[in-house]
Each structure stands twice: as structure tokens, then as C-alpha cells.
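S.K.: Please construct the entire structure, taking both the sequences and the accompanying hints into account.
There are 2 protein chains.
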Amino acid sequence: MVEKNDSKVFIGKKKAMDYVMAAMIVLSKKPVRLLARGRSISRAVDVAEILRNKFLKGSDYGEILINTETLNNTDGTNTNISSIEIEILPPKK
Amino acid sequence: MVEKNDSKVFIGKKKAMDYVMAAMIVLSKKPVRLLARGRSISRAVDVAEILRNKFLKGSDYGEILINTETLNNTDGTNTNISSIEIEILPPKK
Numbered sequence: 001m002v003e004k005n006d007s008k009v010f011i012g013k014k015k016a017m018d019y020v021m022a023a024m025i026v027l028s029k030k031p032v033r034l035l036a037r038g039r040s041i042s043r044a045v046d047v048a049e050i051l052r053n054k055f056l057k058g059s060d061y062g063e064i065l066i067n068t069e070t071l072n073n074t075d076g077t078n079t080n081i082s083s084i085e086i087e088i089l090p091p092k093k
Numbered sequence: 001m002v003e004k005n006d007s008k009v010f011i012g013k014k015k016a017m018d019y020v021m022a023a024m025i026v027l028s029k030k031p032v033r034l035l036a037r038g039r040s041i042s043r044a045v046d047v048a049e050i051l052r053n054k055f056l057k058g059s060d061y062g063e064i065l066i067n068t069e070t071l072n073n074t075d076g077t078n079t080n081i082s083s084i085e086i087e088i089l090p091p092k093k
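Top line first, the protein sequences correspond to chains E and P. Letter by letter, the first sequence follows residues 1 to 93 in our numbering. Letter by letter, the second sequence follows residues 1 to 93 in our numbering.
No lab work stands behind these hints: they were computed from the structure. All residues carry an ideal CB built from backbone N, CA and C; glycine is no exception. Every clue listed holds true.
Only some residues are given here: those of chain E computed to face chain P with a beta carbon under 7 Å:
hint, residue
1, Arg39
2, Ser42
3, Asp46
4, Ala48
5, Asn53
6, Ile64
7, Ser82
8, Ile84
Pairwise CB distance ranges, derived in the manner of DEER restraints:
hint, chain 1, residue 1, chain 2, residue 2, range
9, E, Asn78, P, Asn78, 38 to 46 Å
10, P, Asn73, E, Lys14, 21 to 29 Å
11, E, Thr79, P, Leu65, 26 to 34 Å
M.R.: If you want it as C-alpha cells, here you go:
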């Protein structure tokens, strides 16, 4: 995971619009990174597209990273889960 | 959508492994693009990670594109749906 000055918004199981609002607040000042795992990945992509097409026209994608994270289950086994990281850059002024 | 010589694999509702196999066949010769819409986006990311980590070590991501497609419903309304396009490059020999 790249460490930068970007703020992160973790996408979970709430409605897409909740995360759009959270990301908007960050994007007024600096780039934002949307992070999601597993089934929430599609929601992260929805949030990114809503931001870019409806709320902040002119904002653009930065890095898009895909990775696998290993979770340790309580019974000692491991589960691999895919993750995505979508960087959104604010509109150029 | 970028037009290149890449072959495309459309990710739908089947098991991830079915698409991994389809993509493997293409990747033996040239880059492949995984395409998915809506809820299948998470599955496309899974397929990409399985390919890269288990079956074709050394393969890497090319372009990752996120877009919105507009579908025309039978009742005349439109639905916006997010889509993703993940390019995977075969391992360098």
C-alpha cells in the first residue's frame, strides 16, 4: 500500500451515498483513496463513478490498485480476500 | 473503451474458476482484458488476483479502467451501471 498524504475512505456495507458524502468532504482539499474488500469492491466502484460523474465533474482517477489480503480466521485457517484501492484526484482549478 | 489486440473475457455470474480458465487460455499468447459490470465487479477482481498469484506468477496488471454504462430498460427508463476493465499482461519471458 502506497503511503501518501491522501485520506482514506473505507467502503463497507452502508449505502453508496454515505461514502460519497464522506469522500466529498476530503476531496474539497486533497485526493482521496477509496478502499474496499470482497463484495464491497463493486460498491467502491459505484461510489467512485457517482463522485466523478455527478458531484465533482472534472475529478479524475489516479492510481487504481488491486491486491489480495490474508485474513486469519479464529479457527487458525487463513482466508484470502481481494481488495481494491481507488485514488480520486480533485478537479484541476 | 480502448481498442487493442487484447482478447476480452466477460465476467458474469459463474464461478470465478471458470473465468480463470478462460483467461488462462488467452494469456498463453497475449494480454487479456477482464470486463465486468455491477455486482460482478468483485468477481472480476477475484479472477484477476487468482490468475496473478496462483496460476501465472509474474503476470502483471496493465490498464485498469472504471466506467459507467447506461442500459435502456424495456419500460423506457435508463439505468446507470458501473463497469470495470482489467488488463492482465502475461509474464515476461
